[in-house]
Amino acid sequence: MKRLSSHQVFCTFLRGWTALVLAFLWGPIAVLAVYSFNTSRLNILWEGFTLRWYAEVWGHAPLMAAARNSLVIAGITTIASVVLGTAGAWLLHRYRFRGARAVRTLVGVPVLMPEIVMGASLLVLFAALAMPLGFATVVIAHVTFCFPFVLLAVQARLAGLDPGLEEAALDLGATPLRAFWLVIVPCLRPAIVAGALLAFTLSMDEVIVTYFTASPEATTLPLRIFGLAKVGLNPMLNALSVLFIAATIAVVVISERLQKTPRPPAA
Amino acid sequence: MTDLVQASPGTARLPRFTGWLLLAPLAVWLIAFVVAPALILVVYSFSERDELGRVVFTFTLENYRRAADPVYLAVFGRSVAYAAITTAICAVLAYPVAWTLARTRAPWRGRLLLLVMIPFWTSFLIRTYAWITILKSEGLLNGLLLYTHTIAAPLELLYTPGAVVLGLVYAYLPFMILPIYGSAEKLDPALIEAAHDLGCGPWQSFARVVLPLTRPGLAAGVMMVFVPAIGMFAISDLMGGARVPLIGNVIQDQFVGQARDKPFGAALAVIFMALFALLYWLWQRRTEGRVA
Chain A
435 MKRLSSHQVF CTFLRGWTAL VLAFLWGPIA VLAVYSFNTS RLNILWEGFT
485 LRWYAEVWGH APLMAAARNS LVIAGITTIA SVVLGTAGAW LLHRYRFRGA
535 RAVRTLVGVP VLMPEIVMGA SLLVLFAALA MPLGFATVVI AHVTFCFPFV
585 LLAVQARLAG LDPGLEEAAL DLGATPLRAF WLVIVPCLRP AIVAGALLAF
635 TLSMDEVIVT YFTASPEATT LPLRIFGLAK VGLNPMLNAL SVLFIAATIA
685 VVVISERLQK TPRPPAA
Chain B
74 MTDLVQASPG TARLPRFTGW LLLAPLAVWL IAFVVAPALI LVVYSFSERD
124 ELGRVVFTFT LENYRRAADP VYLAVFGRSV AYAAITTAIC AVLAYPVAWT
174 LARTRAPWRG RLLLLVMIPF WTSFLIRTYA WITILKSEGL LNGLLLYTHT
224 IAAPLELLYT PGAVVLGLVY AYLPFMILPI YGSAEKLDPA LIEAAHDLGC
274 GPWQSFARVV LPLTRPGLAA GVMMVFVPAI GMFAISDLMG GARVPLIGNV
324 IQDQFVGQAR DKPFGAALAV IFMALFALLY WLWQRRTEGR VA
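Taken in order, these protein sequences are the chains called A and B.
Just so we're aligned, residue 435 is where the first sequence starts under this note's numbering, counting upward by one.
Just so we're aligned, residue 74 is where the second sequence starts under this note's numbering, counting upward by one.
In isolation and in its complexed conformation, chain A is listed as follows (with noise of 0.2 angstroms):
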């Protein structure tokens, strides 16, 4: 009996933490949302409903100018990310050679590096190089930090992949090239694609890498959130947070869901 209510005292205590937890991740982000639709300025009481910060997001130019550069930047960073991502990871499965495990140890680097560190070594290397920072130098960084991702989204799933799926294309004829983008990629797909968005993500969000790499003209939407941020509070950008917020949601559901999918049977 007394080792039942301990235990219930245990599993009540962990309950209770993790909610007290929960509640500390969720409730910033819940006052956020919750002032980014209220009327007043100065978000301490509750005036009434409006969508108004949301309108002034949209109509503040240098916001919608960088959001756009954020969008571009992402997309080109997600699509170069994937192609680099995918083909190293499907190279890096199939061929064994010497240096292979340096090249996996450097793509475990980006991840793991402290971004400080990656900002201030691209800056040195664009500087040393003479490159103007801008677009071309945010996406480098960026394709830099997200493609690993991607390699270990789509290496995840080539582990549980049968090998004989390959092979069994090639015996039928179709060339290394074919059997790959016919058999390989749609095996691979939820993987990829579940990479891809964490890689849109990660490019949309990244601040400090970022802020060493970028010029005025190609700065990304998280910069300006940065400068706005350190000026004071502005209703306006707990609106823009909420939209930011919310989309991450989003991916990060899809995500999940793709990842879900069962895989190929295994041999």
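Just so you know, the hints here were simulated from the structure itself, not pulled from any lab data.
Virtual Cβ for every residue (Gly too), placed ideally from N, Cα, C.
Do not take every clue at face value.
[Stated by the list, open to error] Computed footprint of chain B on chain A; a stretch qualifies when at least three of its residues, placed anywhere within it, have a C-beta under 8 angstroms from a C-beta of chain B:
(1) 457-463
(2) 490-498
(3) 502-513
(4) 537-548
(5) 554-566
(6) 621-630
(7) 680-691
[As the list claims (entries may be wrong)] Residues from chain A that keep clear of chain B, each with C-beta distances beyond 10 angstroms, as calculated:
(8) Leu-448
(9) Thr-484
(10) Ala-521
(11) Gly-522
(12) Arg-530
(13) Ala-603
(14) Gly-607
(15) Ala-613
(16) Trp-615
[Said to hold, decoys possible] Each pair of labels, with its calculated beta carbon distance range:
(17) B:Arg-89 x A:Trp-615: 43 to 51 angstroms
(18) A:Glu-690 x B:Ala-280: 54 to 62 angstroms
(19) B:Thr-221 x A:Val-665: 41 to 49 angstroms
With chain A fixed as given, assemble chain B onto it according to the hints.
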């Protein structure tokens, strides 16, 4: 094998000409944008700056000597201390959550996990802004306290060391929960039952079975919180103002801010990178030792 990218199974073969050609873009990208920048950073750190602020390539240890100045040592120390406090708070907050998640059954586990995943993927900038709206002197908390006459004048909540640590904890907590969960999920429930049968209470079996067996997850979480927290300048900028500069703020200032001393910034970044490499090496050795 503790690389993030796993080695392939036995089906892999040696590349021929086309294989090498296809591997080239990946190798070139990694060399051009991961290896080369790091090397240039090291070269810069031994260089000098002329009167116009341009970088002159010489061999000097001046930048490193300057980095050892008590002023910067104090900043370094503060950064490491804040990151360590943040990591410790995150670990304490995260453990019970990760363990609960791992013990929750199917439909709810996914839902709860999603509640951790979404903040994990949401820009820390936006999540930090959420706290600014709450803590600022004309923000929500002060407004509430003033409205209820609990206080007479707004409290200075933002721009304090506490606010910086709060911001760091809030930003990095999901990065601690998820790896510990990853470890806890793999734990064989029979081990807990065995501990129970051998007379361990739940608290004791948590401390003596769960904690030691989920150490790899904790180690990964520490890597994902401690290292980035040291260099994070945006949160200390937003939550600490200029009053609580961390090493990230100093480095940032040398490259894009007012100080504009790239060689000195490079030296600080190299020191930071060396610290990271050391931690990463220790971490790898530890996890490798566990797997073996």
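Okay, the hints, checked on the actual structure:
| no. | hint | result |
| --- | --- | --- |
| 1 | 457-463 | holds (count 5) |
| 2 | 490-498 | violated (count 0) |
| 3 | 502-513 | violated (count 0) |
| 4 | 537-548 | holds (count 12) |
| 5 | 554-566 | holds (count 8) |
| 6 | 621-630 | violated (count 0) |
| 7 | 680-691 | holds (count 6) |
| 8 | Leu-448 | violated, 5 angstroms |
| 9 | Thr-484 | holds, 17 angstroms |
| 10 | Ala-521 | violated, 7 angstroms |
| 11 | Gly-522 | violated, 4 angstroms |
| 12 | Arg-530 | violated, 4 angstroms |
| 13 | Ala-603 | holds, 14 angstroms |
| 14 | Gly-607 | holds, 18 angstroms |
| 15 | Ala-613 | holds, 13 angstroms |
| 16 | Trp-615 | holds, 13 angstroms |
| 17 | B:Arg-89 x A:Trp-615: 43 to 51 angstroms | violated, 19 angstroms |
| 18 | A:Glu-690 x B:Ala-280: 54 to 62 angstroms | violated, 33 angstroms |
| 19 | B:Thr-221 x A:Val-665: 41 to 49 angstroms | violated, 28 angstroms |
Violated hints, listed in ascending order, are 2, 3, 6, 8, 10, 11, 12, 17, 18, 19; each of the other numbered hints is respected by the structure.
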